[in-house]
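One letter stands for each residue in the lines below.
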Amino acid sequence: MADMISLRELQVQFRAPGKVIHAVNGVNLQVGHGEVVALIGESGSGKSVTLRTIMRLHAERSTHISGALEVDGQDVLSLSPRALTALRGKTVAMIFQEPLLALDPVYTVGAQIVETIRRHQKISRQQARLAALRLFEKVRIPSPQRRLDAYPHELSGGMRQRAMIALALSCNPKVLLADEPTTALDATVQIQILLLLRELQKELGLAIVFVTHDIGAAAEVADRIAVMYAGKIVEQGPAAQLLTQPRHPYTLSLLKSRSAMHKGQRLETIAGAPPDLSHLPSGCAFAARCRYAVAACHVTTPDEQELAPGHQVRCIRIHEIADAVPA
Amino acid sequence: MKSKRDIGGPRQPLLQVSELRKYFPLKGGLPFAANKSAVRAVDGVNFDILKGETLGVVGESGCGKSTTARLLMQLIEQDSGELVFDGETVGSRALPLRQFRRQTQMVFQDSYASLNPRMTIEDSIAFAPIVHGLPKRQAITRARDLLARVGLEPERFAGRYPHELSGGQRQRVNIARALALEPRLVILDEAVSALDKSVEAQVLNLLLDLKQEFGLTYLFISHDLNVVRYISDRVLVMYLGQVVEIGSADQVFDTPKHPYTVALLQSMPSMNPLQRTTVAPLAGDPPNPINPPSGCRFHTRCSHAQALCAQRAPLFASAEKGHSVACLRYEAGSGVHFNHNHVEVAHG
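Protein sequence lines, in the order shown, are assigned to chains A and B.
Quick note on numbering: the first sequence equals residues 410 to 736 in my numbering.
Quick note on numbering: the second sequence equals residues 18 to 365 in my numbering.
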């Protein structure tokens, strides 16, 4: 069966005054039907840019996209504006980190869902409202009838995120793109939303790409995890395998920064900062911060190597590094 | 560093907070109405910060963590309650506000918003000491020393503006600025929350080093429980404007007593895809602090709640040495008992 999302050698560049920002530099990612993939990485690693490119949300004039990008068998990069509009919402839907910014403040949440449903389906307002009510029940908003008539600011943070999920699901998409959907939420609410996403995913057979900087959140929902650094996926694999047997030095140190917090001991840090995306170094972008780096790392750009089925790593010294992290 | 400024000796708490209360009145309503509604941001908070410790504060948004921090800094004035800094009441003749502020400094979450974009970072750091009477040349020298101390070479960075620095570098500047007045208490309000994990670790290491070197006391506010556990000696848990539990970091994280603390710890992602959380420990969002629930404020979400919990607010009871909890089940003679059907386990 063909993949739901297929990215091959995807590159995204933004033209800014006086420089070109290389945000995504050759991403290969396949997401199957009903599969949940988490893209993790630090700010500026290109994870959100990759996600938005799947829906072609970047301003056309200042963005240059190359490579191949297919969603549900359609070549997104060559779609006409009309076909693109049909794709958005109907096939692919997206939820964002800050629902208060993503929802329109001057319409009730119910009106926004009704509008979206009627944009894609020829049904009456009453029918659409009934569908909206069912969606609110599905995402478990208490007293849904009343909440449909609420404005976004009248809802609590968790409820708003549920409303946005309802909005995203309103046209029965096959793919849900989630851009840090739980980052702005409190711990006790975050776990509720993660559980809800997992449940809906199973029920509706959604494919989800879940962008987060929180490995913990990724571990809760993802089947597969892809780690991004400086616009490349440096390691991807099945969640359990990647978390227990990380192989790329960057993944290793990311996991260590979380699991090895022992009181009284100094934290292990990754020296330096991520590279400037307008002046990318040659070779491996992580080499300057990598404790295992050798001279060759600064010259050779590492290719993807398959260590186990579905577990790929971009590191030329992968076979010399045998470090293990307690999960 | 046992400084001469240490008045009461090591056993006297650096800051004693008693019955601190701050309500923010809501706009609207009749101007002379008898009971205007208000956000009860901080509602009767008591705790001590001991000399040389790091006191961690955890809780969800709207629980009053940041309002408490701003009250401690006296950036906003409390409605009632008292702060006693090393034995002297803050704002009294013995310790006027200006003098207190020199000894307490704060680092905020947003590293960019808290720096003046039109001042070089060197000037930003030297600003407060100059205001407090240090000659300009000395203040600049001190600023450069501090920059070096927080890991930014003065030759390269002193003349830069905030927008020329990365988030981690800016937060180092904010820390240097907080230290410029040689404070004794530093309040870190989500100071590392906006940083990436790898940068966060660098800043946490720096904070630990500086604490040692300058003999500082920290109040560390964060929603990241892993970080709080790592850095704190004692931990205080807040819920809807009140302290619900306080104890050593090990006590609070290993043997949490308050049902809210238990739920908060269980909400942490398990980090193991094979043993995922299956049931959310708490349903819904925290209630609105405008009309907080009666009695124990947590009773609406608490799985142990009994009839009395809705009527009577719990007092702080000592569960074990150094570990106190505001839950009727721990209050002797309250009539609320443990229900042994529940098993409390915390992972993490």
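It is worth saying that the hints were derived from the structure and are not from the lab.
In this text, all values refer to a predicted model and were calculated from it rather than measured experimentally.
Glycine residues also receive a C-beta, built at the ideal position from the N, C-alpha and C atoms.
Hints should not be assumed to be uniformly reliable.
If we take Cβ atoms under 10 Å as the criterion, some of the chain A residues that face chain B in the derived model are [to be verified]:
1) G441
2) L460
3) A511
4) D623
In silico PhoX-like pairs for lysine-lysine, Cα to Cα no more than 25 Å straight-line [to be verified]:
5) A:K672 - B:K338
6) A:K665 - B:K228
7) A:K531 - A:K499
8) A:K583 - A:K531
9) A:K547 - A:K531
10) B:K214 - A:K665
11) A:K611 - A:K665
12) B:K228 - A:K672
13) A:K499 - A:K428
14) A:K583 - A:K611
15) A:K547 - A:K499
16) B:K338 - B:K68
17) A:K672 - B:K153
18) B:K68 - A:K672
19) A:K499 - A:K611
20) B:K228 - B:K68
21) A:K547 - A:K583
22) B:K228 - B:K214
_Given a cut of 10 Å on the nearest C-beta pair, is the interface hint for G441 (chain A) held or broken against chain B?_
It is violated, given that the least Cβ distance between G441 (chain A) and chain B is near 17 Å, above 10 Å.
*asked:* Holds or violated: K672 (chain A) and K338 (chain B), Cα atoms, limit 25 Å.
replied: holds (21 Å)
*If you draw a straight line from the CA of K665 (chain A) to the CA of K228 (chain B), is it 25 Å or shorter?*
The hint holds at about 24 Å.
_Given A511 (chain A) as an interface hint, is its Cβ closer than 10 Å to any Cβ of chain B?_
violated (18 Å)
*CA of K583 (chain A) to CA of K531 (chain A), is that 25 Å or under?*
It holds: about 20 Å lies between the C-alpha atoms, which stays within 25 Å.
_Pairwise hint evaluation, K583 (chain A) against K547 (chain A), where the allowed Cα distance is 25 Å at most_ = holds (17 Å)
*For the pair supplied as a hint, K583 (chain A) and K611 (chain A), confirm whether the alpha-carbon distance does not exceed 25 Å.*
Cα-Cα ~12 Å, so holds.
*Taking only the CA atoms, is the gap from K228 (chain B) to K214 (chain B) under or equal to 25 Å?*
holds (21 Å)
_Hint check: K499 (chain A) vs K428 (chain A), CA-CA at most 25 Å. Holds or violated?_
Not OK: K499 (chain A) and K428 (chain A) at ~36 Å, beyond 25 Å, violated.
*Straight-line alpha-carbon gap K499 (chain A) to K611 (chain A), limit 25 Å*: The given pair, whose Cα atoms are some 19 Å apart, holds under the 25 Å limit.
*Once the shortest beta carbon distance from L460 (chain A) to chain B is found, is it less than 10 Å?*
Where the cut-off is 10 Å and the nearest Cβ of chain B is about 18 Å from L460 (chain A), the hint is violated.
*Within a Cα-Cα threshold of 25 Å, do K672 (chain A) and K153 (chain B) meet the stated pairing?*
violated (40 Å)
Of the numbered hints given earlier, the model fails hints 1, 2, 3, 11, 13, 17; all others are met.
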